[in-house]
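2 protein chains.
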Amino acid sequence: MAKQKKQPRPKAEVPKGFRDYFGAEVAERDAMLARIAEVYHRYGFDALESSAVETLDALGKYLPDVDRPHAGVFAWQEDDDAWVALRYDLTAPLARVYAQHRNDLPTPYRRYSMGPVWRNEKPGPGRFRQFYQCDADTVGTATVAADAEICAMLADTLEAVGIARGDYIVRINNRKVLNGVMEVAGILDPADPDKYAHERGIVLRAIDKLDRLGPEGVHALLGKGRKDESGDFTEGAGLSDDQAKTVMAFVGANSEIDSRLKEQAKIARDVSPDYADQLDYAWMTNDSWLRYVLSLQDTQGGQIRNANTLVYLADIVRETAIGREGVSELSQIAELLDAQGYGPDRIVIDPSVVRGLGYYTGPVFEAELTFEILDEKGRPRQFGSVAGGGRYDDLVKRFTGQEVPATGISIGVDRLLAALREKGRIGNTAQGPVLVTVMDRDRMADYQAMATELRNAGIRAEVYLGNPKNFGNQLKYADKRNCPLAIIEGSDERDRGVVLVKDLVLGKHLAAEITSNEEWKEQPAQQEVLRVDLATVISTYIGETETNLDGQPG
Amino acid sequence: MAKQKKQPRPKAEVPKGFRDYFGAEVAERDAMLARIAEVYHRYGFDALESSAVETLDALGKYLPDVDRPHAGVFAWQEDDDAWVALRYDLTAPLARVYAQHRNDLPTPYRRYSMGPVWRNEKPGPGRFRQFYQCDADTVGTATVAADAEICAMLADTLEAVGIARGDYIVRINNRKVLNGVMEVAGILDPADPDKYAHERGIVLRAIDKLDRLGPEGVHALLGKGRKDESGDFTEGAGLSDDQAKTVMAFVGANSEIDSRLKEQAKIARDVSPDYADQLDYAWMTNDSWLRYVLSLQDTQGGQIRNANTLVYLADIVRETAIGREGVSELSQIAELLDAQGYGPDRIVIDPSVVRGLGYYTGPVFEAELTFEILDEKGRPRQFGSVAGGGRYDDLVKRFTGQEVPATGISIGVDRLLAALREKGRIGNTAQGPVLVTVMDRDRMADYQAMATELRNAGIRAEVYLGNPKNFGNQLKYADKRNCPLAIIEGSDERDRGVVLVKDLVLGKHLAAEITSNEEWKEQPAQQEVLRVDLATVISTYIGETETNLDGQPG
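Line order of the protein sequences matches chains Y and B. Counting from -10, one number per residue, gives the positions in the first sequence under my numbering. Counting from -10, one number per residue, gives the positions in the second sequence under my numbering.
Careful: at least some of the hints might be erroneous.
Where chains are identical, the list cannot tell them apart; a pair therefore holds if satisfied intra-copy or between any two copies.
Unchecked claim - Straight-line distance between alpha carbons at most 30 Å, and here's what the computed DSS-like set of lysine-lysine pairs gives: (1) K50 x K5; (2) K111 x K50; (3) K216 x K184; (4) K0 x K469; (5) K184 x K213; (6) K50 x K251; (7) K465 x K497; (8) K386 x K5; (9) K386 x K497; (10) K0 x K184; (11) K255 x K458; (12) K251 x K5; (13) K386 x K184; (14) K251 x K0; (15) K0 x K50; (16) K386 x K0; (17) K465 x K386; (18) K184 x K469; (19) K469 x K386; (20) K497 x K412; (21) K111 x K213.
Just so you know, the hints here were simulated from the structure itself, not pulled from any lab data. Note that the coordinates shown come from a computational prediction; the quantities given were computed from them, not determined experimentally.
Based on the sequences and whatever the hints tell you, model everything.
Written out as structure tokens, the structure is:
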């Protein structure tokens, strides 16, 4: 016989940095996104699903990871030589969509988008090259009311999916204030905005890493540069020590205020354990910081904190027009949010927020989860950021030449799902279907009819379609599928017009306790039901234990 | 002043063959997919979302359009020179997923997937290069009960999304029967299965075009080839006239049976208008076809039709083992479906169904919508196919070397949505949010607070965030957004503790009738409401006209 040519088998592997999502993972995400869409919709935002593929030109180069091919996007050349690429976020495509369809869209245009984005980054553990984003943006208005609205909506969204108030904080900053700081530090010249752009990029990315590197690490990156643990050297912005100090004062505003607060709190405690006495002392000594500390114990404390942060920032950037404008915008945002009942227990001004992306021009936001989790080494740390965004007034202008102000937020869907899992809000084992077992393979039609009856009664049900020869395998399958019940109808039951209903959950409990085979047969996890009553009986039973699509008890 | 270098602006255009989906289009699709997921879930299928990017190797070459680069997929080379590509369907990735994770997955594995797929095809009107599919597959079992289950589920799914029984038909055929026909026609040699593979491919694709080309067109493609209207010549399979006739007899089985039926029906009518007389005549003359025609008037008619089709097919392929096996499988499927109550009014055997994809090995299915629509030239035609699938026993084997039988269905999401739109099931204009207008831009915080109050009462609401200077623009915006109500609070209303609520729907009606400005001011579409009662009053009002996310009246 002629030997057939052997083709090498393809490897059954997903490409590096990509992954698959199974069962409850998909259902849980869908359920979470549906809840988010509900909030967005209530705020007047309309859905948009843009093409996953864009021209490379339209996407622009805004990713922080600029060292990768095509600036970090997956791109390829079309037959007509045009370059196209997978979208790396949902914001750049929105700018293209708005520019393309602006005559048909309302202005302002509020839209939300949910879907996968792709980044041509170096894959690593937990770092995937395809992930979900969930964005909301308002295009075509310059008012900071739009920024405030986005922040309020973000807070509502987090609560709607199950993050309790107190477990999250939305932080707001303003790139204009940062630009003021850059001007004071001498690396931004209003007369020549392109000068020092490279240095400012490094400063921006350095500040964005504050969480990870700490103040010393950031300071090093502002100066000559920094060698990381692996020995790799990252080039710094080359700022002088004075310049770097100005930037660090800005970045450290909140910790500075924090430490002043702690100091004053100590003074207050030293004066007296009694609040009224402390307050008297503060007024007597005319110590505004102490009064501030004490006011934190009031419900209004947070607002005063925001006000103090603004005063502190205004002081740093007082000589620059752009800086003053930024502080004024932040102050308006805080006021608007306050009027809507979103106090600084939910939304706070924080100068350490800068966001890594290059296209932001005004307010920037970040939602952080404040509860602690254990890191891979078992040490407690804050969960961290789950969403970020800001104002990007120039993104549409790239296409149209006209100013089209815009602002928006992007939720990291996988991070937020991980948070909900941490909090036990999702991740309960989803319940499998009722399994109709096959005792006689020639009677498949009867078993299928049973499953149909159950489904018509709204019950999730399936017939075992593997090889039915070994009944033990059917029960193993039921176990793997997490089936609550198995239906059994052999020829004996058939003749008597009954079926056996086996409670697999109870059965598992009992199996742990019962050892002899005789006992097993008599155990109560199995009951006989009239065939004609099948759907009714199971309905009642399942009704009590039914779970939702997303694996949550109904 | 130094002239800045001008960079050419990027074009605000989606790449050719791609598109964006707006507002209700997205919401309607989400709602439809959620309903489909519910049916799939009830049948015991679990969700799977595989990576959009696969290795080119893993995808294989199964698309009918083999003349395009990379066989019709979008592919690019990774940094490590490996080729990856966007998935072109959800079946090839499933085979990879199952091969990769088979030790962790139950067997059989029932899964559903929904999402975009990409094809590097020549774009054309209504022909997009990114589109949605919605699949359900059962992997790891050879029993035709799995095929029958998929067909029953497909029928349930169509009804669940709003296609009435009678408006669709699920057609089933079997590639094994077709192989039997090929063997009879002399273009399949069981001893050398690779011989004539090229010819069989052409035959397959020709039959798949029966709808579009008619029997003559298909016949031409079986022979020397065919010149289309544009003058392009498509190469034929080179079959002799006798060979082609055998294939055509198979393809035309249903129309052959149809014409025999019509003939006999005429005879019956000629005999007598009375059914009993007709039946007597049929028995008297021993005319089995006439008895068959008459039986169609009974509820059991369809089954007899399926039985007749099977006998007809068995006759064509009686000399081939593979053909007989195929007919036997079809007969089992029909029997199983019948036991579950899915008669041929919903699911019918039809030899003209072959499906274009190369990987099918057994039963193939197609769901067709039978109601008429008008084509672009205003002529009535049947809506046509919205789903297709079949058994593909070799797809996983590519990876593992072991046989892993599988079967499944794919719904063309955009086609099905278009059908629902035709039927008026979706596409009602979605209602916009309640618009809080801005009379005084310094009081933005108050207006935002109103919107917050409304949202907290569950009402979709937004503040106008465009330039508030021209009030007419605010109303134009409300009109474009399809807002049901506008809230107006100027300084006068503010002082009196009231707001004006303007009914924009009623207003539009009245505006068509009222001409004078005075009348307009007094018209009933506007009413004064106490500010403190705002949310309560609007709640009651909106409660009566509320619409769902998908634009359907609630």
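Okay, the hints, checked on the actual structure:
Proximity of K50 to K5 under the C-alpha cut-off of 30 Å is found in both arrangements, the shortest distances being 24 Å within a copy and 21 Å between copies. In this assembly of identical chains, the alpha carbons of K111 and K50 lie at most 30 Å apart whether taken from the same copy (18 Å) or from different copies (29 Å). Taking the shortest alpha-carbon separations for K216 and K184, only the intra-copy value of 27 Å comes in at or below 30 Å, while the best inter-copy value is 64 Å. For the identical chains of this complex, K0 and K469 are intra-copy neighbours only, at 26 Å inside a copy versus 53 Å across copies, given an alpha-carbon limit of 30 Å.
Taking the shortest alpha-carbon separations for K184 and K213, only the intra-copy value of 19 Å comes in at or below 30 Å, while the best inter-copy value is 70 Å. Taking CA atoms no more than 30 Å apart as the test, K50 paired with K251 passes in neither setting, with 43 Å inside one copy and 67 Å between copies. In this assembly of identical chains, K465 and K497 lie within 30 Å of each other by CA distance solely inside one copy; the values are 12 Å within and 65 Å between copies. Taking the shortest Cα distances, K386 and K5 sit within 30 Å of each other only across copies (22 Å), while inside one copy they are farther apart (36 Å).
Proximity of K386 and K497 under a CA criterion of 30 Å is satisfied in neither setting, with 64 Å inside one chain copy and 35 Å between copies. In the homo-oligomer, the alpha carbons of K0 and K184 lie at most 30 Å apart only across protomers (28 Å), although the nearest pairing inside one protomer, at 51 Å, exceeds that limit. With identical chains, the CA atoms of K255 and K458 are never at most 30 Å apart, being 76 Å at best within one copy and 52 Å at best between copies. In this assembly of identical chains, K251 and K5 lie within 30 Å of each other by CA distance neither inside one copy nor across copies; the values are 48 Å within and 60 Å between.
With identical chains, the CA atoms of K386 and K184 are at most 30 Å apart within one copy only, with a shortest distance of 21 Å there and 60 Å across copies. For the identical chains of this complex, K251 and K0 are neighbours neither inside a copy (59 Å) nor across copies (55 Å), given an alpha-carbon limit of 30 Å. Only between protomers do K0 and K50 lie at most 30 Å apart by alpha-carbon distance; the minimum there is 15 Å, versus 34 Å within a single protomer. When the C-alpha separation of K386 and K0 is checked against a cutoff of 30 Å, the pair qualifies only between copies, where the shortest distance is 11 Å, while the shortest distance within a copy is 46 Å.
Proximity of K465 to K386 under the C-alpha cut-off of 30 Å is restricted to the inter-copy arrangement: shortest distance 24 Å between copies versus 61 Å within a copy. Taking the shortest alpha-carbon separations for K184 and K469, neither the intra-copy value of 63 Å nor the inter-copy value of 44 Å comes in at or below 30 Å. For a Cα distance limit of 30 Å, the shortest separation of K469 from K386 across copies, 24 Å, qualifies, whereas the shortest one inside one copy, 55 Å, does not. Only within a single protomer do K497 and K412 lie at most 30 Å apart by alpha-carbon distance; the minimum there is 28 Å, versus 50 Å between protomers.
In the homo-oligomer, the alpha carbons of K111 and K213 lie at most 30 Å apart inside one protomer (26 Å), although the nearest pairing across protomers, at 53 Å, exceeds that limit.
The structure fails to meet hints 6, 9, 11, 12, 14 and 18 from the earlier list, while all remaining hints are met.
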